[in-house]
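Just so we're aligned, residue 0 is where the sequence shown starts under numbering that gives the first Met the number 0, counting upward by one.
In case anyone wonders, no lab produced these hints; they're calculated from the structure. Worth double-checking, as some hints may not be accurate.
[Stated by the list, open to error] Computed list of lysine-lysine pairs in DSBU-like fashion (alpha-carbon distance at most 30 Å, straight line): (1) Lys108 - Lys156; (2) Lys329 - Lys313; (3) Lys136 - Lys96; (4) Lys329 - Lys311; (5) Lys125 - Lys96; (6) Lys108 - Lys125.
[As the list claims (entries may be wrong)] Using C-beta positions, here's what the derived DEER-type ranges look like: (7) Ser172 - Val33: 22 to 30 Å; (8) Glu145 - Asp29: 19 to 27 Å; (9) Arg161 - Asp29: 30 to 38 Å; (10) Gln129 - Pro102: 40 to 48 Å; (11) Pro97 - Val36: 24 to 32 Å; (12) Arg161 - Asp215: 15 to 23 Å; (13) Arg35 - His229: 38 to 46 Å.
Every residue gets a Cβ at the ideal spot worked out from N, C-alpha and C, and that includes glycine.
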Amino acid sequence: MHLVHMKYEDKKAGRGKAPGPSGPIMEIRDVYKVFRVRGGLFGRRLALQAVRGVGLTLFEGEALGIVGESGCGKTTLAQMMLGLLHPTSGEILLRGKPIGMMPRREVTKIIQPVFQDPYSSLNPRKTAMQIISLPLKTHRIGNRAEREQLVLEIMDKVGLSRSLSRSLPGQLSGGQRQRVAIARALVMRPSVVVCDEPTSALDVSVQAQILNLLMDLRNEFNLTYILVSHNLAVVRHVASRVMVMYLGRIVEEGPTEQIFREPLHPYTQALLSSALTPEPGLGIPDTHLGATFPDPLNPPTGCAFHPRCPRKGKVCSQDPPPLRILGNQKVECHYPDSPHPMV
Numbered sequence: 000m001h002l003v004h005m006k007y008e009d010k011k012a013g014r015g016k017a018p019g020p021s022g023p024i025m026e027i028r029d030v031y032k033v034f035r036v037r038g039g040l041f042g043r044r045l046a047l048q049a050v051r052g053v054g055l056t057l058f059e060g061e062a063l064g065i066v067g068e069s070g071c072g073k074t075t076l077a078q079m080m081l082g083l084l085h086p087t088s089g090e091i092l093l094r095g096k097p098i099g100m101m102p103r104r105e106v107t108k109i110i111q112p113v114f115q116d117p118y119s120s121l122n123p124r125k126t127a128m129q130i131i132s133l134p135l136k137t138h139r140i141g142n143r144a145e146r147e148q149l150v151l152e153i154m155d156k157v158g159l160s161r162s163l164s165r166s167l168p169g170q171l172s173g174g175q176r177q178r179v180a181i182a183r184a185l186v187m188r189p190s191v192v193v194c195d196e197p198t199s200a201l202d203v204s205v206q207a208q209i210l211n212l213l214m215d216l217r218n219e220f221n222l223t224y225i226l227v228s229h230n231l232a233v234v235r236h237v238a239s240r241v242m243v244m245y246l247g248r249i250v251e252e253g254p255t256e257q258i259f260r261e262p263l264h265p266y267t268q269a270l271l272s273s274a275l276t277p278e279p280g281l282g283i284p285d286t287h288l289g290a291t292f293p294d295p296l297n298p299p300t301g302c303a304f305h306p307r308c309p310r311k312g313k314v315c316s317q318d319p320p321p322l323r324i325l326g327n328q329k330v331e332c333h334y335p336d337s338p339h340p341m342v
């Protein structure tokens, strides 16, 4: 790729306006991911179903938020989207091609990650310049001087001073490190960026800066985002569409504001009702789901959520819930309900 094609020109026409979705860039079709784990020191190997029959279509220009408690399968799903893990069954198509059959270099030109912890995702012995330029070097783009120029340009875009290009990660603040990670992801001008808990390791005062940066970059470069997070406030701030995962399944999906305003699944309702609010006197919120989390090694029969569900019926423990399409929302529940606004 010639240097001129990598220039970071401002897209003035798109500033201040979120890019609209166009065609599908990724399709996930009935994907399962099963890990084999040992049950105890001398126990037999057991099947852990991390992702169970997930299907979705990701459109160019949208920001998809994937939320759920720890262990729900959202990070495993994100790693399969990146091609870092292969599905046990089902398929993932990236621009119409099975991602598992694409050359790794072709995948990385289209999709790049921003990992959770900037303290561990950066090589402590490499400078910011070396870290950000690595994808360019791997893909043999330009000579050294040209690569350095591209790095300085993307540093400008992510709000990093050029004077920091020779700094090691240990000499940078947490926010600066995450900006280096974002610059590394964007230097190849990918179409899709997977952000796995991109602000959870940062101070609260820095989180808003990074989120606003991600939104600005999405507008400027017409990026497609996959945002994996347990932080509902982060997802509401960035995502245009939300998927709620529970025990490896997508239990609810829909436009962000609609999900937050009228959640249909009891699990989504519990997550939203437990979100911290600034109102004084409310104390620490409670999901009212109990302290027992589901066991992915032994998932319940019927609806996976029924042991914790406040409105379960007899059918919930016997039959898997059907997928219902109610307006713009999809929900897997025998008794979907739309309560009064919770947030």
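Comparing the hints with the structure gives:
1. Lys108 - Lys156: Roughly 19 Å between the alpha carbons, so the hint for Lys108 and Lys156 holds.
2. Lys329 - Lys313: Holds: Lys329 and Lys313 sit about 22 Å apart, inside 30 Å.
3. Lys136 - Lys96: holds, 25 Å
4. Lys329 - Lys311: The given pair, whose Cα atoms are some 19 Å apart, holds under the 30 Å limit.
5. Lys125 - Lys96: Roughly 35 Å separates the two Cα atoms, so the pair is violated.
6. Lys108 - Lys125: Measuring from Cα to Cα gives roughly 22 Å; hence the hint holds.
7. Ser172 - Val33: 22 to 30 Å: Because 40 Å falls outside the window, the suggested range is violated.
8. Glu145 - Asp29: 19 to 27 Å: The hint (19 to 27 Å, Cβ to Cβ) is violated, given that Glu145 and Asp29 are roughly 44 Å apart.
9. Arg161 - Asp29: 30 to 38 Å: violated, 48 Å
10. Gln129 - Pro102: 40 to 48 Å: This hint is violated: roughly 24 Å between Cβ atoms.
11. Pro97 - Val36: 24 to 32 Å: holds, 27 Å
12. Arg161 - Asp215: 15 to 23 Å: Hint holds: Cβ distance 19 Å, inside 15 to 23 Å.
13. Arg35 - His229: 38 to 46 Å: violated, 26 Å
In summary, the numbered hints that this structure violates are 5, 7, 8, 9, 10 and 13.
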